[in-house]
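**Q** Given chain A's structure and the hints, the job is docking chain B onto it.
2 protein chains.
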Amino acid sequence: MERNAALLIIGNEILTGKIRDENTPFLARQLFSLGIRLDRVIVCPDEIDVIARDLNELRRSHHLVFTSGGVGPTHDDVTLDAVAKAFDTPISRSQEMEWLIRSHFKERTTEDHLRMALLPVGARLIRAADISWPTVVIENVYVLPGVPEILRAKFQVIREELDRGDAFYNASVFTLAEEGAIAALLHELTRRFPKILIGSYPQLPGKTDHRVKVTFDGRDAREVAEAAEHFIAGLPEGMFLRRI
Amino acid sequence: MERNAALLIIGNEILTGKIRDENTPFLARQLFSLGIRLDRVIVCPDEIDVIARDLNELRRSHHLVFTSGGVGPTHDDVTLDAVAKAFDTPISRSQEMEWLIRSHFKERTTEDHLRMALLPVGARLIRAADISWPTVVIENVYVLPGVPEILRAKFQVIREELDRGDAFYNASVFTLAEEGAIAALLHELTRRFPKILIGSYPQLPGKTDHRVKVTFDGRDAREVAEAAEHFIAGLPEGMFLRRI
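From first to last, the protein sequence lines stand for chains A and B. If you want my numbering, it's the position in the first sequence, counting the first as 1, plus 44. If you want my numbering, it's the position in the second sequence, counting the first as 1, plus 44.
Read the hints as simulated data drawn from the structure, not as lab findings. The structure presented is a predicted model; accordingly, all values stated were derived computationally and were not measured. Check before you lean on any hint, since a few could be wrong.
One copy or two, it doesn't matter: identical chains are merged, so the pair holds either way.
[To be verified] Mimicking BS3-like on lysine-lysine, the simulated pairs with C-alpha atoms at most 30 Å apart in a straight line are:
id	residue 1	residue 2
1	150	62
2	198	239
3	251	198
4	251	62
Chain A extracted, bound-state conformation:
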């Protein structure tokens, strides 16, 4: 079964340009390598109603949803409240989370720390031996933190439960031709290889050694290779640079 996914990136800091979103590029590559089609990314502010509304739409239209951000102890960490709202389920203190928090902070544990133990009823926790904090999952929604290093560590564990041995395959061809000169050829290839996703990415003259990079993605490695070969064969004389 083909699976699709959406990301909900929660963060005023990205919308105000203070912090660069590192998590979308990482998750996009990970999902591609798992053969899961990422269809949509939304960046929204730290507001419960907005997050809940987006989450409700995304969880119904996608097999998998990953949120990033808003899961700490401060006033702007409202993601879990929004998740509960989206699933119309109450929040209650998880004994497992409380134990983990108290073990970690010991006598420095504050009420604000313990706020992180308030989880939507029905959530499950994915734990890994070498990570302090578990990942909260409810139905098809994975709640991830905004800090990139922690998100990555947590995703390695989630990856195992998502991996079904599917994968996308890719071939990229670099050409000296400009887009107008290869548009007709590409159009023909989209008809000939309907299952292959073909992308055309122009570069400014002088910035790189190529003018256009053309990419071929698909689930069948042989078909991907065949599409790339047809493209190379159809290029105007002398316009082929390399293929990876």
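**A** Coordinates of chain B only, in the frame set by chain A:
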């Protein structure tokens, strides 16, 4: 009048993790400096129906919408068709665009190049002396290219028409305290300064010299400074590192 904005980033290449989105960070910073609140970013695939649906929703709920990507001559460049669909207006060949295309490509002009002259009826063109291509604008929607260098050059011109001398002001305070220890203080400040947007950004231990960066954004420079000063004064002994 307070203005808000949304970005619609059109690009399979971002969803498959091939290319990093450089345009959101750039536009987020630009809009912040113009005092325009960026409320939403959507990344969607190169599909006419999806783009048209998203655009229709965004243009009705935001003062300004900026699209990025999908405006060249190849099969995956469907943004202008989607814009026409969203505004329920036909596409017709713009004489001004045709003239620009023929002047640029001269005898190398192809039918695919001329596809770029097909614009939604009702669109206006913003031109600048030193940029080859004008920016297409229809009502409150600015259609920008995906190539970051071109988007930036075009935005400098658009900036002039958007600039109303508004601005957001920011102060950032770096602390050695961890989030749990300052959550109550921050919560109190959000009540005391309801117009100031306060953000709290933890770092992993050992990665930077600080544990948490706290940011204060607002339209009133004095109020921003006051909120930051109250925060510094309320920090536990020895936890203040610096302010910028």
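**Q** Within a copy, between copies, both or neither: where do residue 150 and residue 62 come within 30 Å Cα-Cα?
**A** Close neither inside one copy (33 Å) nor across copies (44 Å); limit 30 Å.
**Q** Could you figure out if residue 198 and residue 239 sit no more than 30 Å apart (CA to CA) within one copy, between two copies, both or neither?
**A** Neither. Shortest intra-copy (33 Å) and inter-copy (35 Å) distances fail the 30 Å Cα cut-off.
**Q** Treating 30 Å as the Cα threshold, decide for residue 251 and residue 62: within, between, both or neither.
**A** Both, since 27 Å and 18 Å are each at most 30 Å.
**Q** Should residue 251 paired with residue 198 be assigned to within, between, both, or neither, using CA atoms and 30 Å as the limit?
**A** between (37 Å within a copy, 18 Å between copies)
When the structure is compared with the earlier hints, violations turn up for hints 1, 2 and for no others.
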